[in-house]
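S.K.: With the hints in hand, could you dock these two chains into one complex?
Protein sequences, first through last, are from chains A and B.
Here the first sequence is numbered in the numbering used here, starting from 1 and rising by one per residue.
Here the second sequence is numbered in the numbering used here, starting from 1 and rising by one per residue.
In short, the hints are calculated from the structure, not lab data.
Treat each hint with caution, since some may be false.
[Stated by the list, open to error] Covered stretches of chain A, as calculated for chain B (at least 3 residues, CB under 8 angstroms):
1) 20 to 29
2) 44 to 54
3) 60 to 70
4) 102 to 114
5) 119 to 128
6) 157 to 163
[What the hints assert, rightly or not] One side only, chain B facing chain A, incomplete, derived with CB under 8 angstroms:
7) G25
8) L54
9) L136
10) F187
[Unchecked claim] List time: in silico DSS-like cross-link candidates among lysine-lysine, alpha-carbon distance up to 25 angstroms:
11) K28(A) to K40(A)
12) K28(A) to K69(B)
13) K197(B) to K155(A)
Virtual Cβ for every residue (Gly too), placed ideally from N, Cα, C.
So the chains spell out like this:
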Amino acid sequence: MMEWVNTLSQWALPVVVASILVIGHFRKVPVYETFVEGAKEGFPTAVRIIPHLVAMLVAVSVFRESGALQLTLNWLRPLFSLLQIPSEIVPMALLRPISGSGSSAVMIDIFKTYGPDSLLGKMASVLQGSSDTTLYVLTVYFGSVGIRNARYAVKVGLLSDLAAAVFSVMVVYWIFAV
Amino acid sequence: MINAIWVSLLLIGIVVGAATGNIEGITRGILQGAEDGVAVCFGLISIMVFWLGLMKIAEQAGLVQLLSKLLRPVARFLYPSVPENHPAMGSILANMSANILGLGNAATPLGLKAMRELQTLNPHPDRASDAMCTLLAVNTASLTIIPATVISYRMQFGSANPTEIVGASILATFLGTSVAILLDRLFRAYNRDQRRKR
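Isolated chain B (complex conformation) (with noise of 0.2 angstroms):
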């Protein structure tokens, strides 16, 4: 899926381009995207290292132990497959915590993190498992509850009341990781039921 996408949108971009006279967009596109590749790396690294450097802390202090513990009744339903005291657990944990906390920068080391763990517990190492599934769908549903950055364009922009809409944004999200989780267990299950039939 993830190469139809790619090729498509390459293809699709060099043949539109050069049917419409736009050659010199395609160039543009080439250079610009990989500079911004580049720079979001770039741009990573410094919270990266900050917050997986925090991170440790909180490890060795007992606090990321203490959160899967009190979140346990949310990690098991949404990762049955992971063993309630495997360190993958305590980084899923931390990476919803950030997410909810709206610390949008320290989401993606975090979640990086419970990437690398849930690798280690993935029989397949270039195939996705189905925990793998289901961090992505709740990282990609954004469980945001306070959007400061949109928050802050609508200050820059004069509004009356940034803040009005954070009640709809909480309620939104809401309803959209739900059905991220309700898709995720749908495809997982009807992925299963195709393999049983192979």
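So that you can see chain A by itself, here it is in the shape it has in the complex (with noise of 0.2 angstroms):
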């Protein structure tokens, strides 16, 4: 199983690049021409998002920075216990959808702290890759298009960040515990 992950995920990419490269070789496309022309648009796509993810990452920062967070988790232990999400577990769960540097910080902690092979080590894991970071996302693909109304966008977003931790925490009991 190992031996063929690490395998597949090492040759998504190449994979990927030389199969569009050759087809469209084959199918008369001026491949560099065409590359160029298309490339064209990643640099205003990526500038048009600077404020939009300055802004965001600016209130991340000063609410992490201020020890508002700190004050928030531990005032919202009581709900996560409630939800069977260990107390290790749950500063990472609440960071994950606002920063994702800042739950890798977490992750990296439990594993260093309980090993990446504990059951703590098993959820982090988990959790970390069957979520990704709510506010980053809406914020780039939103800001990118100038959506300023993003309807029932971020609830769907954050209830489903929830979700995912809680279904993390289950399945890890469920597959690892004995």
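M.R.: Given below as structure tokens:
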């Protein structure tokens, strides 16, 4: 299993790139010119996101650095224990939607303290792998086309993050706990 | 909602910092956050340029259209409002495929392209359309089958079996994504109901 997965993740990218190039070439697409033509869109799209991302990351960073995050964590702990989420995983579950690097940092901390193969280490790995940084995705995706009214998308994103956290814990208990 | 989140994060942060005498934390937070925002965007430029270039070749070669044809049943279920032959469908499916293959850094540029094409179908350019909300729900729930970054962290910290969590991740991702799609549908129906009542 491990060999197979490692090989697959190493080969996926080169195979995709090579197939597109080869098929494009055989279909008589002027590959180089076409690449350059498409690539032109990249810079303006990335630059258009800057104001949105700076706004959001400043808010997240102030929230974290001021100590407000720690306070909220202590305050929310009962809710998470009600959902059977171990208290070590709580900071991660809470950080996951707002900061990808923040939740990685907690995961690494869990790896260092309990080891990656402990039940907590596995929970952290599954949680990190099964969800994404909702606020970042939202900011970048909607920001790039100038959407101001996100309607119910924020609620859907945050609620499914909570669901992902609960499921990660449940699945790990189910598969790995003896 | 996003307005409320933004204002609360900032104001609560400032009030807590002030109350606990951690004023320099706020200043550090602002500078650090702004720096991170620009750094992330510049990091995005390189992969955006590369993947949008490659995507254009795939489009011209008819690969994107082929993909749309293969995944038509899924697409029709998830995005009923997008016409089948619209370019948005191609980008949406390319974004999904990149997520599934674990090509995390390809998924964002393809997703942004899909967003831009969905915007051409949107009658209210500053309000998210149904399809845009679904695209977001699918992307925030992370469709990833092989969490490559997590695996590499596990290796780095000496795991005896770094890929052991792949099966559990797939199951959790599948459950999480199902909930996201379900919630998306529920809120959409509720939204429509509310508007009809008004």
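S.K.: Please go over all the hints and tell whether each is borne out by the structure.
M.R.: Going down the list of hints, with the structure as the test:
Here's how the region 20 to 29 of chain A fares: 6 of its residues keep a CB closer than 8 angstroms to some CB of chain B, so the rule of at least three is met and the hint holds. Requiring three or more residues with a Cβ within less than 8 angstroms of a Cβ of chain B, the coverage given for the region 44 to 54 of chain A holds, as 7 such residues are present. Counting residues of the region 60 to 70 of chain A whose CB lies closer than 8 angstroms to any CB of chain B gives 9, so the stated coverage by that chain holds, three being the minimum. Counting residues of the region 102 to 114 of chain A whose CB lies closer than 8 angstroms to any CB of chain B gives 5, which reaches the minimum of 3, so the coverage claim holds.
Closer than 8 angstroms: that is the beta-carbon criterion, and the region 119 to 128 of chain A has 6 residues meeting it against chain B, so the requirement of 3 holds. Look at the region 157 to 163 of chain A against chain B: 5 of its residues bring a Cβ nearer than 8 angstroms to a Cβ of that chain, three or more, so the hint holds. A cut of 8 angstroms between beta carbons decides the hint on G25(B): the least distance to chain A is about 4 angstroms, and the hint holds. Here the hint on L54(B) is kept, as its CB sits about 6 angstroms from the closest CB of chain A, short of 8 angstroms.
With a cut of 8 angstroms, the hint placing L136(B) at the interface with chain A holds, because the nearest CB-to-CB distance is about 5 angstroms. Taking 8 angstroms as the C-beta cut-off, the interface hint given for F187(B) holds, the closest approach to chain A being about 4 angstroms. Annotation: proposed proximity of K28(A) to K40(A) holds, straight-line Cα distance about 21 angstroms (limit 25 angstroms). With a C-alpha separation of about 22 angstroms, the suggested pairing of K28(A) with K69(B) holds against the 25 angstroms cut-off.
A distance of roughly 22 angstroms separates the Cα atoms of K197(B) and K155(A); the hinted pair therefore holds under the 25 angstroms criterion.
Of the numbered hints listed earlier, not one is contradicted by the structure.
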